[in-house]
Amino acid sequence: MAGATLALSGNPPFLHAKEDYDLVVISGEPAAATKKALETLGGISRFVKKGHRVVLKPNMSFARTPEFGATTHPTVVATVAQECIHAGARQVLILDHTLHRAELCLERSGIREACKNISGVHVQAFQERKFFKEIKIPQGKVLDQVEVIKAVLESDVLINIPVAKSHSATGVSLGLKGLMGLIWDRESFHSRININQALSDLATVIKPQLTIIDATRALTSGGPGGPGEVKKPNLIIAGTDPVAVDSYGVTIVPWYGQNFKGRQVEHLLIAHQRGLGNIDTDPLKIYKV
Amino acid sequence: MRTILQALSLLLFSLFLFFATYKLPDWFPADIYLRLDPLLGLNAVFAAREMIGRALWALVTIGATLLIGRFFCAYACPMGASIDFLDLLLFRKKKRESLKTESSLRKTKYFLLIVFIMAAVTGLSLAFLMDPIALLTRFYTFFIYPLAITLINLFLDVMRPFFKGLGWVSLSHLHFFQPVFYMSAITLLIFGGIVALNLIAPRFWCRYLCPLGAFLSLISPLGLFKRKVSQECNECLKCRKACPMGAIPEDPKTSHLPECIQCRTCVKVCPQNAITFPVSFPIGGEYSGIDFSRRGFIYSLAGGLGAGFLAARSPFTLRQSKLQLIRAPGAIPETEFLRTCIRCGECMKSCLTNTLQPCLWESGFSGLWTPKMDLRLAPCDQNCNVCGKVCPTQAIRSVSIEEKNHAKVGTAVLRKEMCLVWAQNKICLICDEICPYNAIVFRPVEGYRRPVVIASKCNGCGFCEQRCPVLGESAIVVVPDGEIRLKEGSYVKEAKKLQLEFKADPGDDKFILEESGFKIESGKKEEKKSQPQNPKGFL
Numbered sequence: 012m013a014g015a016t017l018a019l020s021g022n023p024p025f026l027h028a029k030e031d032y033d034l035v036v037i038s039g040e041p042a043a044a045t046k047k048a049l050e051t052l053g054g055i056s057r058f059v060k061k062g063h064r065v066v067l068k069p070n071m072s073f074a075r076t077p078e079f080g081a082t083t084h085p086t087v088v089a090t091v092a093q094e095c096i097h098a099g100a101r102q103v104l105i106l107d108h109t110l111h112r113a114e115l116c117l118e119r120s121g122i123r124e125a126c127k128n129i130s131g132v133h134v135q136a137f138q139e140r141k142f143f144k145e146i147k148i149p150q151g152k153v154l155d156q157v158e159v160i161k162a163v164l165e166s167d168v169l170i171n172i173p174v175a176k177s178h179s180a181t182g183v184s185l186g187l188k189g190l191m192g193l194i195w196d197r198e199s200f201h202s203r204i205n206i207n208q209a210l211s212d213l214a215t216v217i218k219p220q221l222t223i224i225d226a227t228r229a230l231t232s233g234g235p236g237g238p239g240e241v242k243k244p245n246l247i248i249a250g251t252d253p254v255a256v257d258s259y260g261v262t263i264v265p266w267y268g269q270n271f272k273g274r275q276v277e278h279l280l281i282a283h284q285r286g287l288g289n290i291d292t293d294p295l296k297i298y299k300v
Numbered sequence: 010m011r012t013i014l015q016a017l018s019l020l021l022f023s024l025f026l027f028f029a030t031y032k033l034p035d036w037f038p039a040d041i042y043l044r045l046d047p048l049l050g051l052n053a054v055f056a057a058r059e060m061i062g063r064a065l066w067a068l069v070t071i072g073a074t075l076l077i078g079r080f081f082c083a084y085a086c087p088m089g090a091s092i093d094f095l096d097l098l099l100f101r102k103k104k105r106e107s108l109k110t111e112s113s114l115r116k117t118k119y120f121l122l123i124v125f126i127m128a129a130v131t132g133l134s135l136a137f138l139m140d141p142i143a144l145l146t147r148f149y150t151f152f153i154y155p156l157a158i159t160l161i162n163l164f165l166d167v168m169r170p171f172f173k174g175l176g177w178v179s180l181s182h183l184h185f186f187q188p189v190f191y192m193s194a195i196t197l198l199i200f201g202g203i204v205a206l207n208l209i210a211p212r213f214w215c216r217y218l219c220p221l222g223a224f225l226s227l228i229s230p231l232g233l234f235k236r237k238v239s240q241e242c243n244e245c246l247k248c249r250k251a252c253p254m255g256a257i258p259e260d261p262k263t264s265h266l267p268e269c270i271q272c273r274t275c276v277k278v279c280p281q282n283a284i285t286f287p288v289s290f291p292i293g294g295e296y297s298g299i300d301f302s303r304r305g306f307i308y309s310l311a312g313g314l315g316a317g318f319l320a321a322r323s324p325f326t327l328r329q330s331k332l333q334l335i336r337a338p339g340a341i342p343e344t345e346f347l348r349t350c351i352r353c354g355e356c357m358k359s360c361l362t363n364t365l366q367p368c369l370w371e372s373g374f375s376g377l378w379t380p381k382m383d384l385r386l387a388p389c390d391q392n393c394n395v396c397g398k399v400c401p402t403q404a405i406r407s408v409s410i411e412e413k414n415h416a417k418v419g420t421a422v423l424r425k426e427m428c429l430v431w432a433q434n435k436i437c438l439i440c441d442e443i444c445p446y447n448a449i450v451f452r453p454v455e456g457y458r459r460p461v462v463i464a465s466k467c468n469g470c471g472f473c474e475q476r477c478p479v480l481g482e483s484a485i486v487v488v489p490d491g492e493i494r495l496k497e498g499s500y501v502k503e504a505k506k507l508q509l510e511f512k513a514d515p516g517d518d519k520f521i522l523e524e525s526g527f528k529i530e531s532g533k534k535e536e537k538k539s540q541p542q543n544p545k546g547f548l
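Just so you know, the protein sequences line up as chains A and D, in that order. End of the first sequence = 300 in the working numbering, gap-free, step of one. End of the second sequence = 548 in the working numbering, gap-free, step of one.
Hints are computed from structural coordinates only; laboratory data are not their basis. Virtual Cβ for every residue (Gly too), placed ideally from N, Cα, C. Mixed in with the good hints, there may be bad ones.
To be verified - What follows is a list of derived Cβ distance ranges for each label pair:
#, chain 1, residue 1, chain 2, residue 2, range
1, A, 268, D, 163, 45 to 55 Å
2, D, 187, A, 286, 20 to 30 Å
3, D, 163, A, 152, 38 to 48 Å
4, A, 130, D, 27, 46 to 56 Å
5, D, 187, A, 40, 50 to 60 Å
6, A, 291, D, 425, 38 to 48 Å
7, A, 294, D, 168, 47 to 57 Å
8, D, 488, A, 291, 47 to 57 Å
9, A, 60, D, 185, 29 to 39 Å
10, A, 196, D, 198, 48 to 58 Å
11, D, 185, A, 130, 22 to 32 Å
12, D, 185, A, 291, 24 to 34 Å
13, A, 130, D, 411, 31 to 41 Å
14, D, 163, A, 196, 16 to 26 Å
Stated by the list, open to error - Distance condition first, Cα-Cα at most 20 Å in a straight line; then the derived SDA-like pairs of lysine to any residue:
#, chain 1, residue 1, chain 2, residue 2
15, A, 144, D, 168
16, D, 425, A, 203
17, A, 141, D, 436
18, A, 141, D, 169
19, A, 141, D, 184
20, A, 152, D, 436
21, A, 161, A, 215
22, A, 161, D, 436
23, A, 141, D, 176
Unchecked claim - Over 10 Å on every C-beta distance to chain D, these chain A residues come out as not near it, computed from the model:
#, residue
24, 102
25, 156
26, 198
Next comes chain A alone, as it looks inside the complex (with noise of 0.2 Å):
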């Protein structure tokens, strides 16, 4: 149920277990990167235990190849969805509510693809108003209430993997920005309510346990669903803390021909406000090979 996901979101015990970094930064070939990133986080198991019912929500919101960067890297997925069966996880369920043709999305984003031979995985896309579940956004300032796919409240743990790209609208979409994929109504987030605190709100109520930044490519214009510019940055970006992991996303390719930093993406700044996370990076401890 929902508490599931909203009570790992205080501060569960065993968060300050051995590992030392509040980053890590990989550079590399996706799936060797993200083995190493989740390696160096103290490995998958600090999030996914025996039995867990665990959420993967990378982007496969468009009918895009991997080329286009407007999804997550197939084998970054993948990769992470190994991680958790190893672990010992019951279920894997890699879902996002789709804006073009679900099974478009699933085929040319190739994440199918490349989880179809790993047991206990499944892809999905959610187009259907009956697999959402509306629940309350107590701290929400333009939400009261927000429609979330059912299994990510159902499940033991959330992982955001969400790819580096730009964004017409909230400037970059990384893993705040990604959490929209998980709810049915988004297009109020742009044409009613403002959608830079909508996500804050939205993020009180869906916290990822583990945000991992796909930016082995990152679209850096035409975002989000492209054709834009894409570079080739062959990072991945790992942590628990969202805006952390987001605001250090930010930084690392010019958007738009141009370098921001974390607290010039207003989303970002309004989560880091409220509590969410944690905007400046500098203080932070960063693992960078």
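Following the hints, put chain D in place on chain A, whose structure we already have.
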């Protein structure tokens, strides 16, 4: 034996139609039943005034009928099978008097055939109204297919708790896209009417109305198998009562051979075993010719020509390309399109996004049931080119994905008075976000960044129109202006000639960044936040 073949044929028909969807392999002829239909082929070839490759498949049916006779109706026709099965289900116990006006009614189908052929000669595609294969394909597309999906989803919804309990994750989340169509009700009424006619006589449709049956009967006299009654016959008239086509006259030793579909029901019911279907070569005296009345013949000729004339002399014809009608990508030029399209609905069945919908009167009588794109309902996906692949007359050309994406169907136009950004200074960028071609860019106008369509990059796919959050009509609509309709040749080349470009390109975004007053210093963000001057999310 016959029932099995019929069921098999109906199953095949359903399967082929079922497979007419994304992503259809190139080699799979999902439209095969329509290709095999000689009436649709003739209709399209006459109306279009040129040879149509796929229509040549009809020669198979013609050849087989010349050789064997009118077997198609009894064994292959999925419409005949549907009528027979539903008759068995609904009217088995019904007592049906034989019709007094039999012989004159029988002629109706021949007259209809003449009407359709003559209409085709004038350039009006009309056979779709009554061709059984087109009719049934439409019925399946607009009624059976959506109904089947509804039932399957209902079943899945009921079973969902069980699937979940059993831990079948994929099944517990399985859901099929529910297609919807205009004109489902009309199509159902027509099919229902055809079945209801069985109340009057079995296979009423086949006996008296079916123009395809009429055509096949006309070319059947050379067929090898013909009904023959031996001297054993005791004139019990059981065969006459049982004949589904009413092809046995009062003297049961003779037959109305053009009406005989070789179903051999008479063989089965004959207590004397007096009836056989031997191979017989001579056309012979027994073959009772079709007695057209000369008057009826002339009336139907005139009727066909008149219908064609009427349809062509309507204001619709002159307004053709001035109507707000978006055709499928790859649709040939409108005049030829209307002549070639046989309104089978196969393209609409196959459409991945459900944007293809049947026309009612949008382009007049001559455009009935033709496919149009309803882009407010759904866009055209740039990864799909199935509609052309399944078009049996190639009124929508089968082209590669690359070509199809250059077959511009229209151009998006922003209605500034309705647009949230232009009219109300709101922050909205959905059209820009969703556009697959970056054809929508933001330009600073009067202190606000506002969306603008770059016509040369827009191929009319309609994602913007569908997604526009304005309630009611979209603030961005695709109009036919700029559509590329080619009868032959490459859309890519044509688009190049017109200096259009539909592809990945970062577009004007950089230009906007410089011009739109981004605040790089992050001092006064608190006040700036709510102001629409900084809509891109950077402070």
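Against the structure, the hints:
1. A:268 with D:163: 45 to 55 Å: 52 Å, holds
2. D:187 with A:286: 20 to 30 Å: This hint is violated: roughly 43 Å between Cβ atoms.
3. D:163 with A:152: 38 to 48 Å: The hinted range 38 to 48 Å holds for residue 163 (chain D) and residue 152 (chain A), with Cβ atoms some 40 Å apart.
4. A:130 with D:27: 46 to 56 Å: Between residue 130 (chain A) and residue 27 (chain D), where Cβ atoms are some 30 Å apart, the hint is violated.
5. D:187 with A:40: 50 to 60 Å: 42 Å, violated
6. A:291 with D:425: 38 to 48 Å: 42 Å, holds
7. A:294 with D:168: 47 to 57 Å: 53 Å, holds
8. D:488 with A:291: 47 to 57 Å: 51 Å, holds
9. A:60 with D:185: 29 to 39 Å: Check passed, 35 Å falls within 29 to 39 Å.
10. A:196 with D:198: 48 to 58 Å: 37 Å, violated
11. D:185 with A:130: 22 to 32 Å: 25 Å, holds
12. D:185 with A:291: 24 to 34 Å: Violated, since residue 185 (chain D) and residue 291 (chain A) (Cβ atoms, about 48 Å apart) do not stay within the stated range.
13. A:130 with D:411: 31 to 41 Å: Roughly 37 Å apart at Cβ, these two residues keep to the hinted range, so it holds.
14. D:163 with A:196: 16 to 26 Å: Hint holds: Cβ distance 25 Å, inside 16 to 26 Å.
15. A:144 with D:168: 19 Å, holds
16. D:425 with A:203: OK: residue 425 (chain D) and residue 203 (chain A) at ~18 Å, within 20 Å.
17. A:141 with D:436: Measuring from Cα to Cα gives roughly 29 Å; hence the hint is violated.
18. A:141 with D:169: 11 Å, holds
19. A:141 with D:184: Distance of about 10 Å is within 20 Å: holds.
20. A:152 with D:436: Measuring from Cα to Cα gives roughly 18 Å; hence the hint holds.
21. A:161 with A:215: OK: residue 161 (chain A) and residue 215 (chain A) at ~17 Å, within 20 Å.
22. A:161 with D:436: Judged against 20 Å, a Cα distance of about 30 Å means the pair is violated.
23. A:141 with D:176: Within the cut-off at roughly 19 Å; holds.
24. 102: Residue 102 (chain A) is in fact no farther than 10 Å from some Cβ atom of chain D, at 6 Å.
25. 156: Check passes; 20 Å lies beyond 10 Å.
26. 198: Answer for residue 198 (chain A): violated, closest chain D Cβ roughly 5 Å.
Hints 2, 4, 5, 10, 12, 17, 22, 24, 26 from the list above are not met by this structure, while the remaining hints are.
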